[in-house]
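S.K.: The residues making up each chain are set out below.
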Amino acid sequence: MIRRQAYEWRNVVPANETSNYVLGHPIINPSVGSRCPAIPARVPIDIFTGGYGNNLDKTADLRATQFIIIDSIAGWDGTKQGIPGGGNGKQSAFVAIRVETTRYFVNPDGTFQPGLPTSAVPFPDTLGTASGIQSVFTFGDFKDGLPTPIYILPGQTWGIEFYLPDGSPAYTAENDYEIHRAFVKYLLLEDVDMVIAMQLLKDGIPVTVENINQYRRSLIRQQLYLDSITPISKGTRRLS
Amino acid sequence: MTVRKQLYEWTLKGLGAFDSDDYPKPGEEVSIFTGGYGNNVTEANLIREANFVVIHQFGSTPGVVVPSVAGSFIASGIVTGVNLTGWIPNSFVQVFLDTTGYFQDPQNVFSGGISGEATPYPATAAVRPDNYQLSPPVYILPDQTWDIRVTFMNDLAAFMADEGLTTIPETTILGQVFVQYWLFNGSDALIANTLLDYGIDVTVDNVEWFRRQLLKREGLDDETWKEYLELADAYRKMEEARDEHLV
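Top to bottom, those sequences are chains W and Y.
Position 27, counted from 1, in the first sequence is what the working numbering calls 27; the numbers after and before it change by one each time, with no gaps.
Here the working numbering runs 1000 ahead of the position in the second sequence, where the first position is 1.
Keep in mind the hints are simulated off the structure, nothing from the lab.
Please note that the accuracy of each hint is not assured.
BS3-like mimics (lysine-lysine), calculated; alpha carbons at most 30 angstroms apart, straight line [said to hold, decoys possible]:
id : chain 1 : residue 1 : chain 2 : residue 2
1  : Y       : Lys1226   : Y       : Lys1237
2  : Y       : Lys1216   : Y       : Lys1237
3  : Y       : Lys1216   : Y       : Lys1226
4  : Y       : Lys1025   : Y       : Lys1013
5  : W       : Lys58     : Y       : Lys1237
6  : Y       : Lys1237   : W       : Lys202
7  : W       : Lys143    : Y       : Lys1005
8  : Y       : Lys1237   : W       : Lys143
9  : Y       : Lys1216   : Y       : Lys1005
10 : W       : Lys202    : W       : Lys143
11 : Y       : Lys1005   : Y       : Lys1237
12 : W       : Lys143    : W       : Lys90
Just so you have them, the derived chain W footprint on chain Y, three or more residues with Cβ under 8 angstroms [said to hold, decoys possible]:
id : segment
13 : 1041 to 1052
14 : 1100 to 1106
15 : 1112 to 1126
16 : 1171 to 1184
17 : 1193 to 1203
Just so it is clear, the structure is predicted and the values come from calculations on it, not from any experiment.
Don't be surprised by glycine CBs; every beta carbon is placed ideally from N, CA and C.
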């Protein structure tokens, strides 16, 4: 089975929540408000289990029958303006992919790089209708997602990291553009499709929906061919 | 024998004097077809024997925070007197096939689905629908049931009580969900099932192409592997032609 999945992270919890995170997306009473916990500067935050906003119970790891193709990541720097330590309405956050202990994006010298700037891959694409909020749209090269999708193999763990160079103070969000966010879109291949994906990988063929379907068609064709050349038993039929 | 593009729009509006039982609870998963809120149909969506459905896009009301201006919901136009005149539901949409939810979390457990931020409906200049497309689409086979369920995460009842509001006018739209799908009927549904068996994408183009192949053969035996080889070869050539055209 091939399913198109997505996960959205928002650094927001109910204002009366004492912790900086909740499991799953929180129920919010707008009268009480939405609190955006403070984010430390220059610390990559795992959007699944990093301890901010909506989180999961455990890290994202693949079962033996699963294969993931991450083909798009995006994010939003929502640091509020007009408060001490606040933002300037521009995008200055980064989103990155981690597979096991390895970060995907590196500098040319091999050192740590925070990832894709949210000014290139905003989530959502936003026309700045409020004063001082920048209009940001997805950069052309990322319109169709990551130019080279990232494969996560069975048994591997993976994560998406959100990085703010200047950090962000805690505040109450009064508008959507004041929420830090990250978004990841991926294809989840399971069971037979996972086996085909691994075979394609072994053969050096890009793992795409089209190639998986094509491989499946070739298997069907091969099976039909084998069925047609299998000799029919000509022995004496025993009737007990 | 038809291929029809279908759509369904669900709208939850105000009903006048506020009664919390008239609206979904926060965090509650509600069917847009038979959930008992907003506009509904009379029975669950069972795909009949002669039908085949391909769901290829959906959307819901975007937004997370109910906007305020310096803490005032009157200034932001959400509240007028004792009336709720605007609302952001903070919605998530999940697709169901029989008893199985399509979307799951990276930790392999059920999730609420895709937010209205990723699939905004209606899409506006301020929020654009670029972030999530249901690709590959979801196939619903004959005798399966399907459902679209929406979950609102902003607490309407608590907000009404805390702000001292008593009425939601009928002009106030609290949330919307939209779904688009292809409905293949009769022989087109049979062709869709055959394409699925052959591992070929079920699209309108491919169904029409397959029908042309059947007409060309005019009653020749369809069960032999030679037939399939010819088909597969023809499909490959068509794909190549498409690719060339796209390039």
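S.K.: Can you take a look at whether the segment 1112 to 1126 of chain Y is actually covered by chain W? Rule is 3+ residues, C-beta closer than 8 angstroms.
M.R.: Check passed, 8 qualifying residues.
S.K.: Are there three or more residues in the segment 1100 to 1106 of chain Y whose C-beta lies within less than 8 angstroms of some C-beta in chain W?
M.R.: holds (count 5)
S.K.: Taking only the CA atoms, is the gap from Y/Lys1237 to W/Lys143 under or equal to 30 angstroms?
M.R.: Holds, at about 29 angstroms.
S.K.: Could you grab the alpha-carbon distance between Y/Lys1216 and Y/Lys1237 and see if it respects the 30 angstroms cut-off?
M.R.: holds, 16 angstroms
S.K.: For the pair supplied as a hint, Y/Lys1025 and Y/Lys1013, confirm whether the alpha-carbon distance does not exceed 30 angstroms.
M.R.: holds, 15 angstroms
S.K.: Can you confirm whether the C-alpha distance between Y/Lys1237 and W/Lys202 stays at or below 30 angstroms?
M.R.: Holds, at roughly 26 angstroms.
S.K.: Does Y/Lys1005 lie within 30 angstroms of Y/Lys1216 when you go C-alpha to C-alpha?
M.R.: Since the Cα atoms of Y/Lys1216 and Y/Lys1005 sit roughly 27 angstroms apart, the hinted pair holds (cutoff 30 angstroms).
S.K.: Is W/Lys143 within 30 angstroms of Y/Lys1005, Cα to Cα?
M.R.: With Cα atoms ~26 angstroms apart, W/Lys143 and Y/Lys1005 stay inside 30 angstroms; holds.
S.K.: Sort out whether Y/Lys1226 lies within 30 angstroms of Y/Lys1216, counting only the CA atoms.
M.R.: This hinted pair holds, its Cα atoms lying about 15 angstroms apart.
S.K.: How does the coverage statement for the segment 1193 to 1203 of chain Y fare against chain W, requiring three or more residues with Cβ below 8 angstroms from a Cβ of that chain?
M.R.: That given contact holds, which follows from 5 residues of the segment 1193 to 1203 of chain Y lying within Cβ reach (below 8 angstroms) of chain W.
S.K.: Is the Cα-Cα distance between W/Lys143 and W/Lys90 30 angstroms or less?
M.R.: At roughly 20 angstroms apart (the allowed maximum being 30 angstroms), W/Lys90 and W/Lys143 satisfy the hint.
S.K.: Between the segment 1171 to 1184 of chain Y and chain W, are there enough contacts, at least three residues with CB-CB distance under 8 angstroms, for the coverage claim to hold?
M.R.: violated (count 0)
Comparing the model with each numbered hint stated earlier shows that hints 5, 13, 16 do not hold.
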